[in-house]
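From first to last, the protein sequence lines are chains A and B.
Going by our numbering, the first sequence opens with residue -6, and the numbers climb by one from there.
Going by our numbering, the second sequence opens with residue -15, and the numbers climb by one from there.
These aren't lab readings, by the way, just hints derived from the structure by calculation.
Fair warning: this is a prediction, and the values are worked out from it, not measured in the lab.
It is possible that some hints are incorrect.
Computed footprint of chain B on chain A; a stretch qualifies when at least three of its residues, placed anywhere within it, have a C-beta under 8 angstroms from a C-beta of chain B [stated by the list, open to error]:
1) 14 to 21
2) 30 to 44
To spell it out: a stretch of chain B is covered by chain A in this simulated footprint if at least three of its residues, at any positions, have a beta carbon under 8 angstroms from a beta carbon of chain A; those stretches are [unchecked claim]:
3) 7 to 21
4) 82 to 90
5) 113 to 125
6) 162 to 169
Simulated DEER-style distance windows between Cβ atoms [said to hold, decoys possible]:
7) B/11 to A/65: 35 to 41 angstroms
8) B/118 to A/62: 46 to 52 angstroms
9) B/15 to A/102: 27 to 33 angstroms
Heads up, the beta-carbon is just placed ideally off N, CA and C, and yes, glycines get one too.
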Amino acid sequence: MNGYSDALIWGIIIALGIGTFFLRFSFMGFLGDRQLPEWALRYLRYTPVAVLPGLVAPLVLWPAGTGGETDPARMIAAFATLGVGIATRNTLWAILSGLAALYLSLWLVG
Amino acid sequence: MSDMTANGTAPKGTIRAAYWRGFRHGLPFLLVIMPFGLLFGVAATSAGLDLAQVMGFSVMVIAGAAQFTALQLMGDQAPVLLILAASLAVNLRMAMYSAALTPHFGKAKTWQKALVAYFMVDQSYAMAANEYEAEPEMSRAEKLAYYAGVCTPICPNWYVATLLGALVGAKIPPEFALDFAVPITFLAMIGPALRTLAHVAAAAVSVVGALALSFLPSGVGLMIAAVAAMVTGAQVELWVARRKAVRE
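Bound-form chain B, shown alone:
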């Protein structure tokens, strides 16, 4: 890898290799993307959105958790500003990913950064961050190629799965209790996210707060609970770190 320069030029062969390595790393996520996209298509269609609107969500937003959040709050007839605030709050983690990718792509061309941003999902960020940490010698061109490779199997299939879900969704009878598929997908994302005591504490405050404040207009209690939960998570993290420092 000595024939590479730091300013983002690399031989075509290594760029192509980086792309296909990313592609292989992205492939297993199809198992998550397909059922999740299907569920969104089904849920959005049964909530009464037309095909163009369902696809509009998946193409313009491409963020499953935020799309489900918006859908749920729309079903509750929440005010538009609260729908946007809650859904964007769910996506705030993307700003964290963006910050984490800045050292790698901060100096890339604007159109390249725009594409990286549009296709930034949990999976593409996670794979890229791991890869760039493990292979610090990669040039910027190789990093971009790897990122594009990861996104290739994931992102287009998010649209395809949504479309399939929207097309079959209307035909699924109520006995299948698909109303509960949405809570299940949320819970399935929460479980793996409960990594530390701080995460568990934040989640607990969020649940207790949202339930205690559920008498407020829809969405309002959730926002208050979420802010309290964020502060809780950050404070518990500091507290744990301080205790660790004292013990050492």
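Chain A extracted, bound-state conformation:
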């Protein structure tokens, strides 16, 4: 991992570990029996679908494995993963279908 010193990488790991622990401990640890307001819960509900799709979109369009060039095999795999995930609501099936689609289309196209 060039660009970061070993110490900086450990700093990231430790900061992320502590930050994540406090998110997990937060309300249970500090609030006692009080409840979170409804508006705050409403925002929190959407954090995963607000962060992950934006993170993955450039990786699908401009994959690292091809040096950033759009690749039909990887696009097909991406749509297969998403489609199976929506249809089955099951992360494991989506991963397996995505990998199967990736290897099948790499074999057919490449």
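On the provided structure of chain A, position chain B as indicated by the hints.
Quick look at chain B alone, frame taken from chain A:
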């Protein structure tokens, strides 16, 4: 179940039964945890992290999506603050889980709450929330035992799978296109999360925003897009609820 008291004491037998019920409920998640942990070990090793750092991630953070997020942004040479902000944003849902478990564990001992917090993952939260709703008679001791039971097959095996992935990762040739295993794992988590119109709208704003702002330094566009997407999700939820109320 009449021999139980509300303040968290219960006969040893029912506590043991709760633990093993949790264990059985946690067991099927091995099928998700093992490949996911393996992939993280492989991806982190091929990104150039050493074994201790790879394990450091899985032991200290134990949160797959956040670990992959950090790894991806580190690969993009993003500034440290943005790596932390994006990864912690992915983990904000844990604060929601924490809030949801507060009625059950808010009055537990601090060390117990610390352990519940450390082992809080999507699966342990989801199983516990379902169980406590279905069995409102459970004492706090039984709830803790059930939670520990769910975590037993899941969490230690997250470390084991990461270790296996890290050990074999360096030996996997590029023909296997493992670079794309990371996007696939993300997409596999997104699909099942698109539960309502509000979730779909938030995801769409996130994608369009991140792509449109990709000319910004790495991580910056994503943060802006994510905030816009969160607001979109919350607003669409309100709008749908209001329309429903008007129709009724």
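Check the structure against each numbered hint from earlier and tell me which ones fail, lowest number first. 5
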